[in-house]
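Student: Start from chain D and add chain C according to the hints.
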Amino acid sequence: MMRAETVPATPTRERPEAPVTRPGRIGESTTRADGVPKVTGEFEYSSDLSMDGMLWGATLRSPHPHANIWSVDTSEAEAMPGVFAVLTHEDVPGRKVYGMEIPDQPVLAWERIRYGGEPVAVVAADHPETARLALEKISVEYEVLDPLTDAQEAMKEDAPKLHLSGNVLRHVRIDHGNVAKASAEADVVVTGEYEVGMQDQAFLGPESGLAVPDGEGGVDLYISTQWLHVDRDQVAESLGLPPEMVRLTLSGVGGAFGGREDLSMQVHACLLALHTERPVKMVYNREESFYGHVHRHPAKMSYEHGATKSGELVYVKARFVLDGGAYASSSMAVCLNAATFACGPYKVPNAEVESYLAYTNNPPCGAMRGFGAVQACFGHESQMDKLAEALGMDPVELRVKNAIEPGDRFPFGQEVPPPAPVVEILERVKAMPMPEEKEVMGRDLRELPGGVSNTTHGEGVRRGVGYAVSFKNIGFSAGFDDYSTARVILSIEDGEPLVRVHTAAAEVGQGLVTLQAQIARTELGVERVAVLQADTRVGSAGSTSASRQSYVTGGAVKKACEAVRERLFERVREELGEDSGDLSVENGDVVSGGEVVLPLSEVLDEEIEETVEYRHKPTYPPDENGQGDVHVQFAFSAHRAVVEVDVELGLVRVVELATAQDVGKAMNPQALEGQIEGGVAQGLGLALLEEIQIKDGRIQNASFTDYLLPTTLDMPSVKMDILELADPEAPYGLKGVGEPPTISSTPAIVAALRDATGRELPRVPVKPEQIVGIAKKPPDAPPQPGSAGYAELGRLDERREQ
Amino acid sequence: MRLRLEVNGERREVDGVWEGESLLYVLRERLGLPGSKNACEQGECGSCSVYMDGILVCSCLVLAGQAEGREVVTVEGIAGGDELHPVQEAFVEAGAVQCGFCTPGFVVATHDLLRREPEPTDAEIREALAGNLCRCTGYEKILDAVRLAAQRTG
Chain D
6 MMRAETVPAT
16 PTRERPEAPV
26 TRPGRIGEST
36 TRADGVPKVT
46 GEFEYSSDLS
56 MDGMLWGATL
66 RSPHPHANIW
76 SVDTSEAEAM
86 PGVFAVLTHE
96 DVPGRKVYGM
106 EIPDQPVLAW
116 ERIRYGGEPV
126 AVVAADHPET
136 ARLALEKISV
146 EYEVLDPLTD
156 AQEAMKEDAP
166 KLHLSGNVLR
176 HVRIDHGNVA
186 KASAEADVVV
196 TGEYEVGMQD
206 QAFLGPESGL
216 AVPDGEGGVD
226 LYISTQWLHV
236 DRDQVAESLG
246 LPPEMVRLTL
256 SGVGGAFGGR
266 EDLSMQVHAC
276 LLALHTERPV
286 KMVYNREESF
296 YGHVHRHPAK
306 MSYEHGATKS
316 GELVYVKARF
326 VLDGGAYASS
336 SMAVCLNAAT
346 FACGPYKVPN
356 AEVESYLAYT
366 NNPPCGAMRG
376 FGAVQACFGH
386 ESQMDKLAEA
396 LGMDPVELRV
406 KNAIEPGDRF
416 PFGQEVPPPA
426 PVVEILERVK
436 AMPMPEEKEV
446 MGRDLRELPG
456 GVSNTTHGEG
466 VRRGVGYAVS
476 FKNIGFSAGF
486 DDYSTARVIL
496 SIEDGEPLVR
506 VHTAAAEVGQ
516 GLVTLQAQIA
526 RTELGVERVA
536 VLQADTRVGS
546 AGSTSASRQS
556 YVTGGAVKKA
566 CEAVRERLFE
576 RVREELGEDS
586 GDLSVENGDV
596 VSGGEVVLPL
606 SEVLDEEIEE
616 TVEYRHKPTY
626 PPDENGQGDV
636 HVQFAFSAHR
646 AVVEVDVELG
656 LVRVVELATA
666 QDVGKAMNPQ
676 ALEGQIEGGV
686 AQGLGLALLE
696 EIQIKDGRIQ
706 NASFTDYLLP
716 TTLDMPSVKM
726 DILELADPEA
736 PYGLKGVGEP
746 PTISSTPAIV
756 AALRDATGRE
766 LPRVPVKPEQ
776 IVGIAKKPPD
786 APPQPGSAGY
796 AELGRLDERR
806 EQ
Chain C
47 MRLRLEVNGE
57 RREVDGVWEG
67 ESLLYVLRER
77 LGLPGSKNAC
87 EQGECGSCSV
97 YMDGILVCSC
107 LVLAGQAEGR
117 EVVTVEGIAG
127 GDELHPVQEA
137 FVEAGAVQCG
147 FCTPGFVVAT
157 HDLLRREPEP
167 TDAEIREALA
177 GNLCRCTGYE
187 KILDAVRLAA
197 QRTG
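Listed in order, the protein sequences are those of chains D and C. Reading the first sequence from the start, the letters are residues 6 to 807 in the working numbering. Reading the second sequence from the start, the letters are residues 47 to 200 in the working numbering.
Next comes chain D alone, as it looks inside the complex:
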């Protein structure tokens, strides 16, 4: 470690001023307050930050997925001109590990490497290239070990232990009814083995931030994250500082989708800033981003469904093995989620579910949009289609017949709260008009699988249709104290009333800033609203995860506005007497009985400020049989996919996706549609394109060249039917909307592919070779002349002789 010359003045950053907007009320489509700076390029993302005297941080990562570290020599790197600090685990003054659920992940590795890409050392230098060159000068002596890369293998007794606690991170068992007895009663039984690959969040804005030392031993961090306070607490713990000496401000966030729940460069940048006493910026490039955040858990799932001849489900048996990778992240919760959603939104009188989560030497997995429900849904929906086929029933009819209803119990024991419109969304999505089916031959190439690659002119193109339905918990579950804090200030600024809303809730693109403004506008009847930059100066808002912010932070803003309004009306009553009737605020005036009684400017000499916390009703962890009131709210969605497949080349064109989703209340219809369309696109990605390919613990495709994301040419239009069935427990009756679109879109697309090809397709993403039926492994015997199907032509040498 080297210490730099102290820069004379303590650097400080000016906070961008919160724009004053005139939002619509709730229920109206309101354009984003940050829309204009985002289209002009002025919006400041965490990778755009810059300060005088700023240094660049860079991270040395292990090339090996499993290794012992015998020594780290930083001397040559430290001696390089332009290098200001080279830090290892020895320089972490506080807790050397972090983690949201279990602190098992080293800030900087010591002794042992558990995944390829694990951080070992960090550097601060005056140019990013100098920092990168310095990384090459750090010499690490590794003893390379065999990686443990299969979750099933990792769970075996004799597998080498990756953590002291063993390799099984969690096992959830749900025991409901009597499966042993029920299995004798089923007329029809279908089994299946399914697999989901490792998907990446692939947010476009890379992990990045700027740490600024305050000159008094503390630090300010400008960061893109999903939860400021959980970052703050973990950073403070590792820096060995009290939380108040670590202040976080949300910087512009370029997407998240779960991938910013865990720490990435937060502690590293702060360590470097405190050591060098200079502002330090860290920005991952795309390759590093693949190593810098957790991914969706790959899953292997075994299912057995039993039903009566008339199609009533009798029992479900499911066994999941989820690969958690090297560290815990949020795997505990994902394991429970997967188990609770294993049977789908169906009446299942008997169920036996086992969900295992194992440590391996693969990249750590954690939160991604859908959080355990995505994997489960691919399994249960594939099974429902298989069962429908075995019964000779229409797949939608089978789902409708078994659809769960309010008052039923889920296999995990919780009563289904109203509304639970499974039948309605299925029927609606089925009733939507089908897309026109143009004659395949002679079409514009751009409307065929393969597009302008000119792979088919319509030969071998088959159409298929598939359906799927899903449910997902909204908000944090299983006894977590899930709350949000909102601070609302009502004042007169520039002669006009203004509401300022301040929370620590992370806007990651979903439109929460607009929603908060709409709520304030609606509750306080004031046209001008400014949503302040989220930071840790106000209490925690909880995570921008689990589709929870509209509900929980929305609820907090509503409650804070109500508290402000109450104080305002107290002032009015003091002024006008207790009998001033039912008061309300409209267009900046206090109104009673339809008459303006006072302009706000006359009661707001002094501003009114209230800070409140909002909690949804409590949840409880499951008991040893996996039973309990585990979740708070359930959101339901159904999808229909229409695909066209070139069955000779395995190329796919998704013609249309249709969806019906219950949202409780459409707070901002345009933003809501955008959430649904974007979520569906990620489901399409998982169905057809997206997988982090791992070989011997190493990522093979850490780039956007090789990790394929849907483009404008892959993603069709989405038809949607939005239901607004109010949840009586939720603010405005709303339900979270972010995740459901991602969940059932994947199995609907695969069902459509099965319909078009007749193939089983038990794994996502579905690759062209599976669509055309090329075997996974090369044949045991080498190809012989004629074995490729050209026998009738005769051997080439024989033909030559003729």
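Hints are supplied without guarantee of correctness; some may be wrong.
[What the hints assert, rightly or not] Quick list of simulated restraints, FRET-style, between CB atoms:
(1) D:Leu450 / C:Arg50: 22 to 32 angstroms
(2) C:Arg161 / D:Pro21: 31 to 41 angstroms
(3) D:Glu402 / C:Ala169: 55 to 65 angstroms
(4) C:Trp64 / D:Pro21: 21 to 31 angstroms
(5) C:Arg162 / D:Ser34: 30 to 40 angstroms
(6) D:Asn592 / C:Arg198: 26 to 36 angstroms
(7) D:Leu718 / C:Arg161: 16 to 26 angstroms
(8) C:Arg162 / D:Glu618: 48 to 58 angstroms
(9) C:Gly100 / D:Leu450: 27 to 37 angstroms
[Claimed, not checked] Over 12 angstroms on every C-beta distance to chain D, these chain C residues come out as not near it, computed from the model:
(10) Leu49
(11) Glu56
(12) Leu79
(13) Gly100
(14) Gly115
I should point out that these hints are in silico values taken from the structure, not numbers from a laboratory. The beta carbon of each residue, even a glycine, is placed where N, CA and C say it ideally should be.
Tutor: Chain C alone, transformed into the frame defined by chain D:
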């Protein structure tokens, strides 16, 4: 090295540029124009799209030295004043912006498309924007924005 170029109509001179820097790095870190984005830095996502001598390029794939003496227009120069360009306006109105990280690239690419083809069909829009990745919107609202902008400028 010293680099001279024209950016958004202004002559700019930068000293101390390392030869390995990209045009994107120079714009973002040396010229105070972070609007062009650094999402993949390998020419796959289009977030760093700018015009160089009137041609749409990924500025991450242009070496700084290749921009010597050239005219560069970035997202910051699209509007050419305090008013938004109709393409920018359409992106805000149509709800085509969520996290917004891809937005500058889409704005520049759409500007280029409408300059070449004022009334594009849907198939032409999809093809023209296939080099720009968006992870939030599923593209539908972006297509709406392009149609809206075409309608207003065509």
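Student: Take the hints in turn and mark each one as holding or not.
Tutor: Outcome of the hint check:
1. A hinted range of 22 to 32 angstroms for the beta carbons of Leu450 (chain D) and Arg50 (chain C) is inconsistent with their spacing of about 45 angstroms.
2. Checked against the hint of 31 to 41 angstroms, the pair Arg161 (chain C) and Pro21 (chain D) passes, with Cβ atoms roughly 32 angstroms apart.
3. For Glu402 (chain D) and Ala169 (chain C), the Cβ-Cβ distance of about 37 angstroms falls outside the hinted range of 55 to 65 angstroms, so the restraint is violated.
4. For the pair Trp64 (chain C) and Pro21 (chain D), the supplied restraint of 21 to 31 angstroms holds, since their beta-carbon distance comes to about 30 angstroms.
5. Our hint of 30 to 40 angstroms for Arg162 (chain C) and Ser34 (chain D) holds, since their Cβ atoms are close to 31 angstroms apart.
6. Checked against the hint of 26 to 36 angstroms, the C-beta distance between Asn592 (chain D) and Arg198 (chain C) comes to roughly 31 angstroms, which is consistent with it.
7. Checked against the given bound of 16 to 26 angstroms, the beta carbons of Leu718 (chain D) and Arg161 (chain C), roughly 21 angstroms apart, stay inside it.
8. The hinted window of 48 to 58 angstroms between Arg162 (chain C) and Glu618 (chain D) holds, with their beta carbons roughly 54 angstroms apart.
9. Remark: the range hint 27 to 37 angstroms for Gly100 (chain C) to Leu450 (chain D) is upheld by a beta-carbon distance near 29 angstroms.
10. Every CB of chain D lies more than 12 angstroms from the CB of Leu49 (chain C), the least distance being 15 angstroms, so the non-interface label holds.
11. Taking the minimum C-beta to C-beta distance to chain D, about 15 angstroms, the non-interface status of Glu56 (chain C) holds against the 12 angstroms cut.
12. The Cβ of Leu79 (chain C) sits about 7 angstroms from the closest Cβ of chain D, inside the 12 angstroms cut-off, so the non-interface label is violated.
13. For Gly100 (chain C), the non-interface assignment is confirmed: its Cβ lies about 19 angstroms from the closest Cβ of chain D, beyond the 12 angstroms cut-off.
14. A cut-off of 12 angstroms between C-beta atoms confirms that Gly115 (chain C) is not in contact with chain D; the least separation is 24 angstroms.
Comparing the model with each earlier hint shows violations of hints 1, 3, 12; every other hint is respected.
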